[in-house]
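With chain A held as given, fit chain B onto it using these hints.
So the protein lines, in turn, are chains A and B. Taking the numbering used here, the leading residue of the first sequence gets 1, the next gets one more, and so forth. Taking the numbering used here, the leading residue of the second sequence gets 1, the next gets one more, and so forth.
Source of the hints: derived by calculation from the structure; they are not laboratory data. Hints are not guaranteed to be accurate.
Said to hold, decoys possible - List of simulated lysine to aspartate or glutamate pairs, DMTMM-like, C-alpha gap at most 20 Å: (1) A:Lys173 to B:Glu498; (2) B:Lys625 to A:Asp5; (3) A:Lys57 to B:Glu675.
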Amino acid sequence: MNQPDILWTIISLILTLMIFSYVLGDNFLFRIATYIFVGVSSAYVAVLLLQSIIIPKLLMPFLSGNINTISFTIVPLLLSGMLIFKLFPKTNRLGTLPMAIIVGAGVGVMLTGSILGTLIPQTTATFNFTSSGWFTGFILLLGTVTTLLYFQFTTKKQIQNIEQKQDYMYYLKQVGGGFIAIALGSIFAGIILSAILALISRFTFIMQFFSSIVNG
Amino acid sequence: MIENKICPICSTENPKHVDKCQKCGFLFVDSQNENSDWLNNLRSENSENNESQNIDSGNDFFTNHDETNSKLNEDVPDWLSKIREKKETETNYHKFSDETINSLTPDKNLQNEPHEESQQEDVPDWLSQMRTDPFKSEEQSSILDDSDLPDWLTGQETDHSLTSENEELILEDNLPDWLSNISSQNENISEEKQQNWDEPNENLNAELSGKEDPPIEPVSPFGNIQIEADDQEELPEWLRNASSDSQITDFDNTPYGSSDPDWLREISELEEEDVVEKEEEVEEEEKPLPFSPSFNSEPLEPSEFMIPPFSEDTSKNNEMNQEDSSIFSGTINNTIPEIKEEVEDISPFFENQKSPIDNEEVTPFIEDQPLFTFERSSDSKSQPFTLNDMPDWLEDIDKVKNEEIEDTSSNQFENADKKVQPGSLPNWLKAMRPVSAVVPNEIRTEDRKKIEKSGPLAGLQGVLSSETVINHYTPPPTYASKVNVSDKNKLHTRLLEEVFSKDKTQKTKTLPKTKFDYTITRLLIPALLLVALIFSFISGSNINNGVTIQRNIPAEQFASIANTLSTTINDSPHILVVMDNDAASIGELELVTKRTFETFMLQNSWLVIIGTNPSGLIVSDEMAKISNQNVPSYNQFERLINLGYLPGNETGIQGFISNPKLMVQLLRDGRSVWETPGLQTISTINDFDSVWIISDNAESTQKWIEQLQLINFDKPLLISATTQATPLLSTYLKAGLFDGLVGGLQGATNYEKLTTNSPIFFNQTWQLYRTVVFIFLVIILAGAVKQIVESILISKNK
Chain A
1 MNQPDILWTI
11 ISLILTLMIF
21 SYVLGDNFLF
31 RIATYIFVGV
41 SSAYVAVLLL
51 QSIIIPKLLM
61 PFLSGNINTI
71 SFTIVPLLLS
81 GMLIFKLFPK
91 TNRLGTLPMA
101 IIVGAGVGVM
111 LTGSILGTLI
121 PQTTATFNFT
131 SSGWFTGFIL
141 LLGTVTTLLY
151 FQFTTKKQIQ
161 NIEQKQDYMY
171 YLKQVGGGFI
181 AIALGSIFAG
191 IILSAILALI
201 SRFTFIMQFF
211 SSIVNG
Chain B
1 MIENKICPIC
11 STENPKHVDK
21 CQKCGFLFVD
31 SQNENSDWLN
41 NLRSENSENN
51 ESQNIDSGND
61 FFTNHDETNS
71 KLNEDVPDWL
81 SKIREKKETE
91 TNYHKFSDET
101 INSLTPDKNL
111 QNEPHEESQQ
121 EDVPDWLSQM
131 RTDPFKSEEQ
141 SSILDDSDLP
151 DWLTGQETDH
161 SLTSENEELI
171 LEDNLPDWLS
181 NISSQNENIS
191 EEKQQNWDEP
201 NENLNAELSG
211 KEDPPIEPVS
221 PFGNIQIEAD
231 DQEELPEWLR
241 NASSDSQITD
251 FDNTPYGSSD
261 PDWLREISEL
271 EEEDVVEKEE
281 EVEEEEKPLP
291 FSPSFNSEPL
301 EPSEFMIPPF
311 SEDTSKNNEM
321 NQEDSSIFSG
331 TINNTIPEIK
341 EEVEDISPFF
351 ENQKSPIDNE
361 EVTPFIEDQP
371 LFTFERSSDS
381 KSQPFTLNDM
391 PDWLEDIDKV
401 KNEEIEDTSS
411 NQFENADKKV
421 QPGSLPNWLK
431 AMRPVSAVVP
441 NEIRTEDRKK
451 IEKSGPLAGL
461 QGVLSSETVI
471 NHYTPPPTYA
481 SKVNVSDKNK
491 LHTRLLEEVF
501 SKDKTQKTKT
511 LPKTKFDYTI
521 TRLLIPALLL
531 VALIFSFISG
541 SNINNGVTIQ
551 RNIPAEQFAS
561 IANTLSTTIN
571 DSPHILVVMD
581 NDAASIGELE
591 LVTKRTFETF
601 MLQNSWLVII
611 GTNPSGLIVS
621 DEMAKISNQN
631 VPSYNQFERL
641 INLGYLPGNE
651 TGIQGFISNP
661 KLMVQLLRDG
671 RSVWETPGLQ
681 TISTINDFDS
691 VWIISDNAES
701 TQKWIEQLQL
711 INFDKPLLIS
721 ATTQATPLLS
731 TYLKAGLFDG
741 LVGGLQGATN
751 YEKLTTNSPI
761 FFNQTWQLYR
771 TVVFIFLVII
781 LAGAVKQIVE
791 SILISKNK
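Next comes chain A alone, as it looks inside the complex (with noise of 0.2 Å):
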């Protein structure tokens, strides 16, 4: 390990630390340590933005000479500088163009995403639910329709002063929600088990630290 990286080592076991010490409550240390990551990451991510996207993509094809890429970047520069106006209550109208022509784009490029990539895609995998083996074809037919009906906020009417036994829709509304409790249950462990590697990553780097200075 060479002089830079036992700089580094011993700078990310201070601020591994100072993060473990939130195990004692919200103190000094661990809101240092916050703040430097958010600082860090933010000043990362405007030179990366500004290296990677604004000085080769807006800036650069002005110096190429070439007619047809200053052209073709004279419209987002245009549109990038009236997103500038949406700062500023008086002039925000004008930044009403780049926005409705971003969000229009995206939510045209998800939405067609979402229906050819996912929707069907995934319906017509639930058709096929006998390729998996019954049974588990079975539960996931189950499940994705008792899903669905889950968020039925339909009802039918009733005759005043008699009340109706509870039809079958509310019983498949119940096998539903323990469909979705199932899957927040096994995305909420997923996310304690990455942050056990995690923990586990940081614990192993301390360790190792210290055995590499016992051993010399």
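Just chain B now, with coordinates in the frame of chain A:
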């Protein structure tokens, strides 16, 4: 002299015999004959009765004064002649306008009727006789014998004759030269000069009719005489009424006859004493008697005698006097100083004479509301002359006279204020008064005495109190807010209540946590985890050795694709590595992707890295660096190409998939991306041999899957994801939307076992992982048991 009459309005020449202008209808007043008769009468009176001359000396003085002026017309300078012409033109215009207005509105004469009637009801007999026949009364006044005169008047006359040497000259049988020339000069008076005589009548008519405009200008002193001499038959009825009023007031100048009532005599005797005292005071001071504003420059206007003196208008009168005095006073003072003194002596007499009439007959005027308002136009054109035209001798005279006038007027008005008695106003004048004049002072003062007791104005006096407003304030009417609800609306409401009723009943049962429990829980779990990790790391043992965890995460498909890429292509594969993760997940992703990187490096693949997450991109080089330690043959600097950050989320992804060269053009070192050796054969996304997505976010990975699905990407799509993103991505894998998945530590361990014969890298980590997971399971189970016990205890207690 004048063959044709020239209209002063339109300047049209008219024949001499016509009375009106043929063009504009201007009424020519041909009073030359009448004036001559009147002047003849005046001469006869003067010759017959010197005493009456003495009394009327004020009028004669002005007559003589005018005659003197006319006589001196030839000698006057040009500026004075211009002034006279201009004044005559204005006078004719006012006369014409007044006549036309009065002729158009004859009902205005009715406004004077109550005033006249009220006067006629209360006036004594001798005054009513004079009203009925003014010319007769004029004659009577002039022919009054000593026996007819009251004692106080006779005494006054004798006093004047004895005290003043100038009066003795006037009382001589033979008139002085200046007075004897009156008759001859009157005959030669031009028509323009005669028209000035009508000015008092016009002003008087305007005043009596209540008109304010035009502003009253200095009236010629001959107006009184003119009214007396005018032929009443030629005048219209309204003018006759006005002239009769003027005769009434003009009679005030005349001494009271034997028919005077006793009260009038008593008042006159008392006032006579005051006059004598004033004369003595003036003589002691040895100063020239100041001109009264009524007799000096201001003509003897009958209506003025009815005006109670008020100090406010004295200044205005003085201003008026400055103009007239500039015209007349110079000649008066220089030519006839005798008459001047005589008039001054008589002025208090006239001042005293008005008091008995004011007491009962004449409606008194409110002091604050002067009947006559003298307004002077600021326009220099309307001025008779300018100061530049005025000679120096005339300016000095004006200054001296103004000082004298101010002294005398102030003394006279102060004395008169004490003598004026309040009276009743005519109805037409009452209607013109403001409300504040009618409201008693007591009521007004009571309001002003009120002191505000509350509010921001508390303590101030005379403010508008808000308390009264609050007392009388009534709240706004309230209206019933009844909503008409139909049966359909009720049904919908009931259904909506049913939908949410279940959620309302299912209340979350949260038990209050004490501070001790919270502290213990917070410290106990981390401490327990830390102890387990340290023990497992040091001992190398697995706490959960007896528990078997199924490693059922499918990594076989991923491993088969990754291992066969180089053999399938028979060349170094071009792999697009998409970094779609945060920097925080680098610890897990290093474990998940380590073996995969080594596999691709062993194949000497072109690894083209592009990131859709800025913070994840920075850790991509570190991940490759770690993997490169186990594959030293791999030239990372040549084969590993970092395209950098791809902005725009799904739009950027879609753009890069559609046209990669357009979206990414330059490398971080400034080189062209697509000119590098590994990317010269790449033009579209399908030119890559495989796409490998490293993600910790299932939703962002989903975008890549969807967009690649749109272009029917036919190359292997591999995903290495964290444990967090694996459950959602598994559904896409089972739907066949991508080819292989390595999810979390468990999938990485499976992949290691499939690709290497002796998996070593994940052993220690896997042991720690299992230990922590076991502890977590214990904690979760302990919490669940605690919750169940508490719920059972609560249900038993109930």
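Each hint tested on the structure:
no. : hint                 : in the structure
1   : A:Lys173 to B:Glu498 : holds, 15 Å
2   : B:Lys625 to A:Asp5   : holds, 14 Å
3   : A:Lys57 to B:Glu675  : holds, 17 Å
Violation of the numbered hints given earlier is absent; every hint is satisfied by the structure.
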